[in-house]
Amino acid sequence: MNHEIVNPVPVKHKYFTPGVFIILLIALNGLVFLMGRFFFGLGSVTNLNNQYPWGLWIGVDVAAGVALAAGGFTTAALGHVMHREEYDAVVRPALLTAMLGYTFVAMGVFVDIGRWYFIWHPLIMWNGSSALFEVGICVMIYMTVLYIEFLPVVAERFIGKVKLPGFLSGLNKIVDKVLRLIDSGLSKTMFIFIIAGVVLSTLHQSSLGTLMVIAGPKMHPLWQTPILPLLFLISAISVGFPMVIFESLLASRSLGLKPEMHLLSKLGSMIAPLLGVYLAFKLGDMFIRETFVYLKEVNTASVMFTIELLFGVIIPLRMFLSQKVLKSPVLLFTASALVVFGVLLNRINNFVVAYTPPYSTKSYFPSFGEFSVTIGFVAMLVLAYRFIVLNFPVISLPGKQTAQPTKYTIKGVEK
Amino acid sequence: MSGKSRRDFLKTSAVIGAGVAGLSSSTAKAAPKNILSEDRMGVLVDTTVCVGCRNCEWACKDAHNLPAGNLESYEDRKILETKRRPDIKALTVVNEYSPGKNSNLPLDVKVQCMHCDHPACVSACIVGAFSKEENGTVIWDTDKCIGCRYCMAACPFQVPAFEYNKAINPLIMKCDFCFNRTKEGKLPACVSICPVEALTYGTRTELVKVARERIKRNPGRYVDHILGEHEVGGTAWMYLSSKDFKELDFPKLGTNPAPGVSESIQHGIFAYFVPPVSLYALLGGIMWITKHRKELDQEEKL
Chain A
451 MNHEIVNPVP VKHKYFTPGV FIILLIALNG LVFLMGRFFF GLGSVTNLNN
501 QYPWGLWIGV DVAAGVALAA GGFTTAALGH VMHREEYDAV VRPALLTAML
551 GYTFVAMGVF VDIGRWYFIW HPLIMWNGSS ALFEVGICVM IYMTVLYIEF
601 LPVVAERFIG KVKLPGFLSG LNKIVDKVLR LIDSGLSKTM FIFIIAGVVL
651 STLHQSSLGT LMVIAGPKMH PLWQTPILPL LFLISAISVG FPMVIFESLL
701 ASRSLGLKPE MHLLSKLGSM IAPLLGVYLA FKLGDMFIRE TFVYLKEVNT
751 ASVMFTIELL FGVIIPLRMF LSQKVLKSPV LLFTASALVV FGVLLNRINN
801 FVVAYTPPYS TKSYFPSFGE FSVTIGFVAM LVLAYRFIVL NFPVISLPGK
851 QTAQPTKYTI KGVEK
Chain B
23 MSGKSRRDFL KTSAVIGAGV AGLSSSTAKA APKNILSEDR MGVLVDTTVC
73 VGCRNCEWAC KDAHNLPAGN LESYEDRKIL ETKRRPDIKA LTVVNEYSPG
123 KNSNLPLDVK VQCMHCDHPA CVSACIVGAF SKEENGTVIW DTDKCIGCRY
173 CMAACPFQVP AFEYNKAINP LIMKCDFCFN RTKEGKLPAC VSICPVEALT
223 YGTRTELVKV ARERIKRNPG RYVDHILGEH EVGGTAWMYL SSKDFKELDF
273 PKLGTNPAPG VSESIQHGIF AYFVPPVSLY ALLGGIMWIT KHRKELDQEE
323 KL
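Sequences listed follow chains A and B, in order. Each residue of the first sequence is one higher than the last, beginning at 451 in this note's numbering. Each residue of the second sequence is one higher than the last, beginning at 23 in this note's numbering.
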């Protein structure tokens, strides 16, 4: 095989740095406000009301969270379904971010719903006509699939090295055996989960777009369109690789590793066509529904729409077409960050900015508590990511390859 | 890939396909109750008759165990100077507007859940906590609700309210058309207390006839529009007025049922699970082919 041998290892780096302490403080601040929410109700922390039932937490933690975790299924489709093994080095980090991303989406839902202790209800109380039901079920199953896909990484870390403390040490052999059993079982069946993961992702990424369709005229015509599910799906697919590049460059910077530019440039070269398709649908929809008339007046909606399209789609699209951008870590990072920003803003726009209820006396703006919780969740995600890459074989170090045959990212997809 | 694992692949795929197919037959049954009976009931609100006494507000609170105060305190008309919306303390409120055509009496509009014939909340609710009952009532089931508030985002009339300041068991609050009273053959509390018969309770079909008749008999008194007859596919509560309903703060709505578009998208994507299962099969096929091709390449190299 002519592609590079991939050998993910736990990164050797200390966990705590001054930056990590700041992130820890941000996370703790979020937790304080979360306590308020659980002791005194949603109203004590959020600016939500009967006119604005959904705010920052649904727009960012849930909707944008799901979209930005799309790197998991897009790289899985590329690396495993299409067997482009040269991308293996990014598949495992993308899988980890998707797994953590969905975990925090679930936590976002958990804190936003009024009756968090009934979060399991959709499992047994079904409503087939509800787009939210579809999203809920798919996210739950997909999250399970992501955990299953990650199990081999855990197995790889501990097989032959199980050392339980104290009196539990008697169980070492059994745990080792169980891990080996899981590992070998999964290596035969992993393809089932990989394909399921891609199918589940396309389903709920699009259904997230269907969510606001039912709000009808309450949603600003610049965003309200029957093709919302399609736009959500295409934008999720186009943000997958930029998110992988964004995270990979951030992680290598933070952990003092050499960025995998050869891979990231190749990934980057695939983004422009995807963004192009998205832009075509977005503009086509605008011209067919003649919603460009709303851009003539200057207000929050028209400004946000323009920023979203210009900085989130058009500028990065142009950037990704340039070889210079693809070769430079700084420019590649900037372009990817713009796409990430564009999708984040698009989800905020769809769920918060576009939503104009008929009887609101003043428009909604998230409270300090809402911001704290959302940013706190992001901080917790970063901390968890850092912990896992320092302790589990996730990131492949360039130049550290050994001659040994590799244990691949996801087994079951034998090479 | 060895011949054995290839067979495994096909076998497992078949099992999954069968599993998903089995799932689809059971989901067909899993839908909230959504009955559109011929004899469903409704209320006709004549805003030209209503005097804004707000006795209905009191009766509603009284019937739903909400703090109601004494009836006399409702005589204070000052409260009518601000426009109010139903909330967790009052499931119905009366708002007052300037007179319509051919009259110098103010118009008073009682606001509550409209009990749509094709309710957005019933369609949207993630756990099917809302249902449209045989008598036309749209009710909410506290045992199912998870508090996600999608019903509030979906409702075209922006009616459901949520107890934001309760940490445990916050409720979604909205008019339940006095489901417990009508079950026993009693009138809804607001209808039964109304001193001027501004509210008429009856089957929806009959009420439409009554409303048409009134407009026909008094063309000078009413605008020729029964609000709720066709809006969002029809509602159980319908209104007559002497001026344009837009001026009475009713949202401008089309005649298509609110859940129409999103349900057709949903049912299109999930038509008997054919699209997802086909996608699964397609991806499986691509996976198998690309793997097979890689193997051939390797064999050639060897």
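Be aware that a few hints might be false.
Once the Cα atoms are required to be at most 25 Å apart in a straight line, the calculated DSS-like pairs of lysine-lysine come out as [as the list claims (entries may be wrong)]:
| no. | chain 1 | residue 1 | chain 2 | residue 2 |
| --- | --- | --- | --- | --- |
| 1 | B | K231 | B | K111 |
| 2 | A | K732 | A | K746 |
| 3 | A | K613 | A | K462 |
| 4 | B | K105 | B | K231 |
| 5 | A | K746 | A | K638 |
| 6 | A | K812 | B | K105 |
| 7 | A | K732 | A | K708 |
| 8 | B | K208 | B | K188 |
| 9 | A | K638 | B | K188 |
| 10 | B | K100 | B | K238 |
| 11 | B | K268 | A | K812 |
| 12 | A | K812 | B | K205 |
| 13 | B | K268 | B | K316 |
| 14 | B | K55 | B | K208 |
| 15 | B | K205 | B | K188 |
| 16 | B | K231 | B | K188 |
| 17 | A | K716 | B | K316 |
| 18 | A | K613 | A | K623 |
| 19 | A | K611 | A | K638 |
| 20 | B | K238 | B | K208 |
| 21 | B | K188 | B | K111 |
| 22 | B | K55 | B | K123 |
| 23 | B | K105 | A | K746 |
| 24 | A | K812 | B | K111 |
| 25 | A | K812 | B | K100 |
| 26 | B | K316 | A | K812 |
| 27 | A | K613 | A | K627 |
Selected chain B positions facing chain A (in silico; Cβ < 10 Å) [to be verified]:
| no. | residue |
| --- | --- |
| 28 | I57 |
| 29 | L58 |
| 30 | S59 |
| 31 | F152 |
| 32 | V283 |
Think of the hints as simulated: they come from the structure by calculation, not from any bench. All figures in this text were calculated on a predicted structure; none of them were measured in a lab. Think of the CB as a built atom: it goes at the ideal place given N, C-alpha and C, for glycine as much as any other residue.
### Message
Hint by hint, where does the structure go against what was stated? Just the numbers, ascending.
### Response
1, 4, 5, 7, 8, 9, 10, 12, 13, 15, 16, 20, 22, 23, 26, 28, 29, 30
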